[in-house]
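Engineer: Given next are the chains, with one letter for each unit.
Number of protein chains: 2
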Amino acid sequence: MTAQKIKVAVTGATGETGISIINALLESEEFAITAFVRPSSTEKPELQGFKDKKVPIVPLDLEAAPLEEIIKAFQGQEIIVSGVMPYASDIEKKLATAAKEVGVKRFIPSFFAPLAPPTGVNVLREIKEEVINHVKKLHLPYTVIDVGGWFQVSLPIVPSGKLDYLTKIPTNVQYGDGHYSTSVIDIRDIGKYVALIIKDPRTLNKYVFAYNEVWTHDEIFKLVEELSGETIERQSVPEESLEAAIQEASKAYKQDPSYKNFVLLIVHQYANQNWVRGDNLPETGTYLGYLLSKDLYPDFKFVGLRDFAKEALDGKAKPVYQTRTFEF
Amino acid sequence: MTAQKIKVAVTGATGETGISIINALLESEEFAITAFVRPSSTEKPELQGFKDKKVPIVPLDLEAAPLEEIIKAFQGQEIIVSGVMPYASDIEKKLATAAKEVGVKRFIPSFFAPLAPPTGVNVLREIKEEVINHVKKLHLPYTVIDVGGWFQVSLPIVPSGKLDYLTKIPTNVQYGDGHYSTSVIDIRDIGKYVALIIKDPRTLNKYVFAYNEVWTHDEIFKLVEELSGETIERQSVPEESLEAAIQEASKAYKQDPSYKNFVLLIVHQYANQNWVRGDNLPETGTYLGYLLSKDLYPDFKFVGLRDFAKEALDGKAKPVYQTRTFEF
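Residue numbers (my numbering), protein chains in the order written: chain A, 1 to 328; chain B, 1 to 328.
The shape of chain A in the complex, shown without the other chains:
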């Protein structure tokens, strides 16, 4: 007896999160996946692996396409997972409206980020709030999935330069004295959690926070020092300097809401919520109404930061954001 596969559509299939999700859905073999990508993205090298595995790649311009065309494109899908960059809420709202018309069993809006309260801390989180409020107005079945900070961008660089390949912006910044803690996750595990969450009746119409481990900033630096045998000079940024940088970036973004100013602002805001404010911790997740991956899936075999750091120092980690810049 072959169980019917669950029909899942993934948008933003060329993004880091979208790739992780499709890889995990393929691995579980329970899902019939369709990947939706911008018409200009169909030939991207990121998609070759999916093409080899016969994943249908469907070009769809969510921004330009009228609602009717989007409804038609998603006809028959049971779950829609949005991995598009939620820079503007309009596209996601249109996608949710289409999902409601199609009658999907579950819509996963593009959250997939460290925890923050709905407003007042991170402008990108505020945009997502508009989307989820639209979803709730529609009474559309949903699951919000947020995740810890990526391992792949959490390691400091070492003097030998061994870790420079991992990131386009090498840094050994630490906030305050480094005692602040945050939740972290391996990008490769995000998709695996998603594959469990989207078919789980306990997570329907809920918020879920998926993370692998909690580390203080200085513990991460010490881990890399121990594994590399190198000494890392901490670039300590006082809390007040971060706050001032947020104020300044916020002012610049208000004056000119360009992509560059947006990214500058959220980089500082993420640093604040991840480290100084303590938003990105399991206990804050519980406070904010999230179910925790650790409670839902206690037997999940996750990658530890120690193992990832070894892999990274061996030059074997897959860097993120290498083949492209952010796109909207």
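Derived from the structure by calculation, the hints contain no laboratory data.
Check before you lean on any hint, since a few could be wrong.
A pair counts as met if it fits within one copy or between any two copies, since identical chains are not told apart.
What the hints assert, rightly or not - Straight line, CA to CA, 30 Å or less: simulated DSS-like cross-link-like pairs of lysine-lysine:
1) Lys222 x Lys294
2) Lys100 x Lys199
3) Lys251 x Lys100
4) Lys260 x Lys137
5) Lys54 x Lys294
6) Lys105 x Lys310
7) Lys100 x Lys7
8) Lys137 x Lys94
Take the given structure of chain A and dock chain B to it, following the hints.
Structural biologist: For chain B alone, kept in the frame of chain A given last:
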């Protein structure tokens, strides 16, 4: 052995909800209550019963008082229940900030209304959303309590005029063909639920929906017909007319955000969410993340709408909004 009483401050103590809450807190004898009222309200007749029972009545102008004065006024309180009319979010936000400074165990913002999604359906609910988002940014322990439509404003009038005393706006309007259903509650039970909810660890940092029964609009009309022996002429308002009225009221409110236009708009919006949209139902509450009073307190002895209707037809129900107009 005498258990220490829980120190509860109630703001907006002269409002219908505030009165219900203080009455119930007094009845349970587990709480040491302080009632905060506007300086201009200290001599209101609604407060006489509380004065007789030695409830401290403290004048406090939440709008004009600086934050420091509010913090000082609430020093030592363990729970703050806000019953102020949340027409503007600023006062409630200030109250929440003060509650955080005082270190209260729980803050109950002024929700206490029929269910609606956070945005796009009811402007008053949107104002409350700003408040609860501020609470979440502060990481202030909270419980949101929403309630069914009041029995006291849910009965149609009868030709004999027997029920005219209950309301200032007699009506026998029904939306569509009257088949829509909604959750209703006796105002007197709201406080009793609140007395259970605010000391319940299961409701900390959660949303709770308290209601007594679910009725369709026409079932309510038939109940009153049966009990009164009179025939009620239904004034049927088609769904499209309600929608048009909301559009018009919304436009007027945007052009002139006066109190009158605000009330006109929310009256229509409540009708829409309570009846046509189906927002004010237990299953929507569950969808929106609320715990239900029926699940939390299955043994709660609530007043039924049938008993209330009898009481009302006997001329023994206490009318609402009789001694005053709305105030902000």
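Engineer: Does each hint hold? Answer for all of them.
Structural biologist: Here's how the hints hold up against the structure:
For the identical chains of this complex, Lys222 and Lys294 are intra-copy neighbours only, at 25 Å inside a copy versus 52 Å across copies, given an alpha-carbon limit of 30 Å. In the homo-oligomer, the alpha carbons of Lys100 and Lys199 lie at most 30 Å apart inside one protomer (18 Å), although the nearest pairing across protomers, at 39 Å, exceeds that limit. Proximity of Lys251 and Lys100 under a CA criterion of 30 Å is satisfied inter-copy only: 27 Å between copies versus 37 Å inside one chain copy. Taking the shortest alpha-carbon separations for Lys260 and Lys137, only the inter-copy value of 26 Å comes in at or below 30 Å, while the best intra-copy value is 32 Å.
Within a single copy, Lys54 and Lys294 get their C-alpha atoms no closer than 33 Å, and across copies no closer than 50 Å, so neither meets the 30 Å cut-off. Proximity of Lys105 to Lys310 under the C-alpha cut-off of 30 Å is found in neither arrangement, the shortest distances being 41 Å within a copy and 44 Å between copies. In the homo-oligomer, the alpha carbons of Lys100 and Lys7 lie at most 30 Å apart inside one protomer (16 Å), although the nearest pairing across protomers, at 47 Å, exceeds that limit. Proximity of Lys137 and Lys94 under a CA criterion of 30 Å is satisfied in both settings, with 13 Å inside one chain copy and 28 Å between copies.
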